[in-house]
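*Asks:* Spelled out, the chains give:
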Amino acid sequence: MARTSVRFESESIAELMTQAYEHAYEQGWTDGLPIIPATPEAVQRFIGATGRPAEEVIGIIPPRQGQASVEVLAVNAVMAGCRPEYMPVLIAALEGLTDKGFPLEFIQVTTNPMTPFLLLNGPIRQQLDINSGTGCLGPGWRANATIGRAIRLILQNVGGALPGIYSKASFASPLRYSYICGENEEENPWSPFHVDRGFDPHDSTVTVFKASNYCNISGGEGVGPDEILRQIASNMPPMYGGGDGALLLLGVNHAQSLHEAGLTKRDLQEKLWALARLPEDHFAADFAAMEHTAGRGADGMLWRTEGPERIHIVVAGGPGPQDVYMAAGLPQTRLIRG
Amino acid sequence: MITTNTFTNFARRLAATKGCPYVVIAETPNPIRQLEQVPLRQRAEAMLDTIIFGLTQSPTAIQRSIEKVAATQIHPQGVVRAAMPV
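Protein chains in written order, with my numbering: chain G, 1 to 338; chain V, 1001 to 1086.
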């Protein structure tokens, strides 16, 4: 593997940091924001935190088929502002992203703004201070901000998804800066997401989804379960490019209300699937035909997903009548080791 | 490969990631989705010579004729981000 090094000189640390940022920006190595220079000492610390050899290749990243070795991940993690202890999360996430069943190449080059969304489960959330509660999808938490950012830098620098050159996303999305949160397992009245996928409650996992959007759903305070679900479903219409599934981050208040009404997660999936449908003449004829071909409609109606099992339910966020809906699917869950 | 001209460079770029930098590309002006049958057929016929070239020439001859253009299309020198197609 070719290595290059760059040397900057200045009597001022601030000036050194500025020079490093300017150089990295000119080379196309950043997301536009300043980076932490990946010095050899910092990279070694990050590699050391994994317990793995530097040259171990975790995955190959399309479209330019870059080799995501432990060392390469470490370089991008340093640049993103991560702590060394975040490396096992990045490694597990890369394992999921480079799984043959995950459409990473499509995500990297499409005109659609789709991007990976990362969901963290298990004790790792407390160990790394990954926010699962109030403000979990917004700024303020270093782990949330920098792990998600490192993923973007890796996809760009290792996979070559340079905006406008290999990545043809017409608008891209602010979600591409960092899109990650933990599940609020402590306020989840049902089983956590990773347990539903066969993991032990004490396992720490990361799940990567192919995600196309973010939609906050407000409302449904002080009303019964049917109204809550109807409000949620009305914000989940059939949509182009969203056919792989839907992910609902259910707010803690609504989760509690629905649980107290005796509903299980399976009940929520089935009820939402039955509600989140619209008459096909509401849509362009081409789109309606495409959805029918994909098995997402019948009898003059278009459905949000082929079946209830494609609606994934997670509990997250803080108090308030809010939920988040994402057009997201094809989850890949990996154990976080180390 | 057949593309509209908006996507020619991108098509060669992606083909190069698959090990095919010298794929012959027959292009036509973008857009085409609004075209009726007659003008669409005219567009297709205009591309026939290129398609025949790609199907009948040896890989060596094809590479020789495309090499220089391909290099500039695959990754424009010094360009790391682009708001307009490159």
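Note that these hints are calculated values from the structure, not bench results. C-beta: ideal position from N, C-alpha, C; glycine also. A hint or two may mislead.
Pair by pair, the computed Cβ-Cβ distance ranges are [unchecked claim]:
no., chain 1, residue 1, chain 2, residue 2, range
1, V, Glu1045, G, Thr18, 52 to 60 Å
2, V, Ser1058, G, Gly138, 57 to 65 Å
3, G, Arg3, V, Thr1004, 37 to 45 Å
4, G, Arg45, V, Ile1051, 24 to 32 Å
5, G, Asp286, V, Thr1004, 34 to 42 Å
*Asks:* All the hints need checking, so say for each whether the structure fits it.
*Replies:* Tested hints:
At roughly 57 Å, the beta carbons of glutamate 1045 (chain V) and threonine 18 (chain G) sit within the given window of 52 to 60 Å. Checked against the given bound of 57 to 65 Å, the beta carbons of serine 1058 (chain V) and glycine 138 (chain G), roughly 58 Å apart, stay inside it. One distance hint, 37 to 45 Å for the beta-carbon pair arginine 3 (chain G) and threonine 1004 (chain V), holds here, with the actual separation near 40 Å. Range check, arginine 45 (chain G) to isoleucine 1051 (chain V): about 56 Å between beta-carbon atoms, so the 24 to 32 Å window is missed.
The beta-carbon spacing between aspartate 286 (chain G) and threonine 1004 (chain V), approximately 19 Å, falls outside the hinted interval of 34 to 42 Å.
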